[in-house]
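Asker: Sequence:
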Amino acid sequence: MAKNLLKIVEATQLRETPLPDFEPGDTIAVHLRVIEGEKERIQVFQGTVISIRGGGANRTFTVRKISGGVGVERIFPFHSPRIARVEVKRRGKVRRAKLYYLRTLRGKAARIKERMRDS
Numbered sequence: 001m002a003k004n005l006l007k008i009v010e011a012t013q014l015r016e017t018p019l020p021d022f023e024p025g026d027t028i029a030v031h032l033r034v035i036e037g038e039k040e041r042i043q044v045f046q047g048t049v050i051s052i053r054g055g056g057a058n059r060t061f062t063v064r065k066i067s068g069g070v071g072v073e074r075i076f077p078f079h080s081p082r083i084a085r086v087e088v089k090r091r092g093k094v095r096r097a098k099l100y101y102l103r104t105l106r107g108k109a110a111r112i113k114e115r116m117r118d119s
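Following our numbering, the numbering of the sequence shown begins with 1 at its first residue and continues without gaps.
The hints are simulated quantities; they were obtained by calculation from the structure and are not laboratory data. Note that the coordinates shown come from a computational prediction; the quantities given were computed from them, not determined experimentally. None of the hints are false.
In silico PhoX-like pairs for lysine-lysine, Cα to Cα no more than 25 Å straight-line:
#, residue 1, residue 2
1, 93, 65
2, 108, 65
3, 65, 113
4, 113, 98
5, 108, 93
6, 93, 113
7, 89, 108
Across the chosen pairs, the derived CB separations fall in these ranges:
#, residue 1, residue 2, range
8, 107, 3, 45 to 55 Å
9, 115, 42, 25 to 35 Å
10, 67, 23, 16 to 26 Å
11, 37, 8, 36 to 46 Å
Just so you know, even glycine gets a beta-carbon here, dropped at the ideal spot from N, CA and C.
Working from the sequences, and respecting the hints, build out all of it.
Answerer: Pasting the structure below:
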């Protein structure tokens, strides 16, 4: 009974427009709504998905990029109203669900091979 009630409440909080399918290793561009004072603008955060975790309304994904020679990671909730849209730029070929090892790699060693067409 309690689980059913929880699912009903979670379903009301979920995002109406689903995000495109992406996996760890993919390079994505997350378009965020940023409110500064009374103005609203779109800010793009582009990087590699290094993890997807959780489920239901608590599901999140972590995106990592290098900005000014410094690694920057940001965690986004899947069902956040601040996410305007997500574009998949590149599909990466990896054999892990969590790519935390990329934090220690630099330069060309941190590259991810591109996944060819699914056939």
